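Asks: Given next are the chains, with one letter for each unit.
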Amino acid sequence: MSSNNSVMVFIQQDESKIADVSIELLSKARDLADQLKVSVSGALIGSGIKNEAEKLIQYGVDEIFIIEDKRLHDYTPMPYTKIMVEVIKKIKPQVVLYGATTTGRDVGPRVASNLKVGLTADCTSLEIGDYSSRGIDYSNILYQIRPAFGGNIVATIVSPEKKPQMATVREGVMKVGSPDPKYKGKISTFDVELADSDFPSVVIKKIKEDKLVDLKGAQVIVAGGVGVGSKENFDLILELAHTLGGEVGASRAAVDAGFVSKEHQVGQTGTTVRPKLYIACGISGSIQHRAGMDESARIIAINTDHEAPIFQISNYGIVGDLNDVIPKFIKAFKAKG
Amino acid sequence: MGLNLIVLVKQVPDTQNVGGDAMKEDGTVNRAVLPAIFNPEDLHALEAALEVKDANPGSKVHVITMGPPSAVQVLKDSLYRGADFVALISDRKFAGADTLATSYALKCAIEKIGNYDIVFCGRQAIDGDTAQVGPQTAEKLGINQITNVSVIEKIDPKKKEIEARRSIEGGYEIIRAPFPILLTVTDEGYTPRPPSVIRVMTYKNASAEMTDSGYDESYIDSSIDRISDTAINLWDINAIGAAVESCGLAGSPTKVKKIESIILKSEDIKMVENTEDSISGMVHELISDHTLG
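Going down the list, the protein sequences come from chains A and W.
Using this note's numbering, the first residue of the first sequence is number 1, and each one after it goes up by one.
Using this note's numbering, the first residue of the second sequence is number 1001, and each one after it goes up by one.
Take the hints with a grain of salt, since some may be wrong.
What the hints assert, rightly or not - Here are the simulated BS3-like pairs of lysine-lysine, each with C-alpha atoms no more than 27 Å apart in a straight line: (1) A:K163 with A:K175; (2) W:K1270 with A:K331; (3) A:K205 with W:K1053; (4) A:K206 with W:K1159; (5) W:K1093 with A:K162; (6) W:K1160 with A:K206; (7) A:K276 with W:K1270; (8) W:K1270 with A:K328; (9) A:K205 with W:K1154; (10) A:K208 with W:K1154; (11) W:K1112 with A:K116.
As the list claims (entries may be wrong) - Every beta carbon over 10 Å from chain W, so not counted as near; a handful from chain A, in silico: (12) N5; (13) R71; (14) N140; (15) D180; (16) Y183; (17) V192; (18) D196; (19) K231; (20) N233; (21) D235; (22) D256; (23) S261.
Everything labelled a hint here was simulated from the structure, so no lab data went into it.
This one's a predicted model, so the numbers in the text were calculated from it and none came from an experiment.
The beta-carbon is built from N, C-alpha and C at its ideal position, and this holds for glycine as well.
Isolated chain A (complex conformation):
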């Protein structure tokens, strides 16, 4: 099947390693392409990346275009934009997806601006459906669904008149499909002429910090509030986080009370997080705290006060003393996991 009219993914690499979000997006692209009865393509830019490309075919990818050059090892906006614009103009995909990472949100808007097509930021869901406007019916349009307005609303955005329809998609929301090692796809080299003047930015240093506290990168966060009661009781929060392989978070009140250090603070004046699971223990859920965590995929609230606002945004609620609930949680997880 030709990659013309395909669902394409901008495949992000970092130090020649494929970003998790790109594999999530290739899986989602397979899903969308099946509904549209078209193929899945990918564009992978970097150097020394052919082996990595081959590993991606098993996610149901029909063709990966690789653009290799030593100067493309580090992401910089100008050459990457130029390449994506040329790939899209030549291949003519109907949909292009980017991870909503610092890279995807840097290059995606430039490509959209160049091609004068729509781009929806930070989508959390994608669907295929129909759309009508001013007497014109469009079928098989990409519904780009995202929270907006500080997370108070969810909006469905369409860009029916222009192709490709493009979106950046939040990391961690699309499920990785089961790989099929027998899937047949091909790797194609795509040539783009690049002059030194296409590389105005130089990455002179790149530091990945081994942070003691990595709230942004955590898949699971166990957070304690003032309801934890004391610094000693906070050990229970640490223990649950440790058991689940997660990170320790805290409300501002818990930090101000001296239960835990400021790096752990989640909320408007702390870190904004969106893990797969957020467990709020003894946190009432002020709007300032909720603003920093309400986009978590799943939320569990453990609180003695059944009227605490945190329950309004939670998927699971347990009314009870965390000193009593958490040991049961730990025991249950150790038994299953």
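Mind docking chain W on chain A? Use the hints.
Replies: Only chain W this time, still in chain A's reference frame:
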């Protein structure tokens, strides 16, 4: 050696205090019912520009915003904090603009000022959270960008070169790039200065006036010393030479199909009893849907 600096700012509804009437039926934001504030990260972008100006005497800080007439408030605030020149681009033809149409109008306004070294903007606005207008404007201008800048490490006005610290997942990188360049600034590295009392006295009566004269140097040189009531330039679609078909709804490829309020999700909550069996059941659900384990 002075640098020519441009800051793009936005007046935004305060999304911390949103009610059910915040959206109109057509899916656009009903700004009338919400308190309007200076977009937080744009204040950090303005501070970054003012600090570059402080370190490079003779520099000029121009602030541009696009919005309804009431958006002059963020321009006044910019004047109070140290901006030298402010312009409001406002026209009914800009209404309903998505990020693409917005970046086109901003590009036209930036080119009207012209001859710039660095364009600053906040990383993203709290009403849309798209972080797209900065990069889209840079592309329309045909210039390079550094997004997610926490702090400028070094400016070399002679070599016309910048080194900036760019926040990335789990760390940062230092980027060196020549002017002209667009930066999007986060709230990590700068502390916005408060309004200056003297400047508030100078500009509190400033009002917007239709100006097609563009960049009025004489005004900048004398502004501190006089009470000006014409300090805010108002540019319409003609003043910035923008093509009407690229502005507003007409120039916006994205359309809002549907808006749903998600203020309360409590009907989704599953209450779990504080018993070993119930908690074990919840843990099992979380493991089987890959949330845990």
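Asks: Any hints from earlier that this structure breaks? Give me their numbers in increasing order, please.
Replies: Failing hints: none at all.
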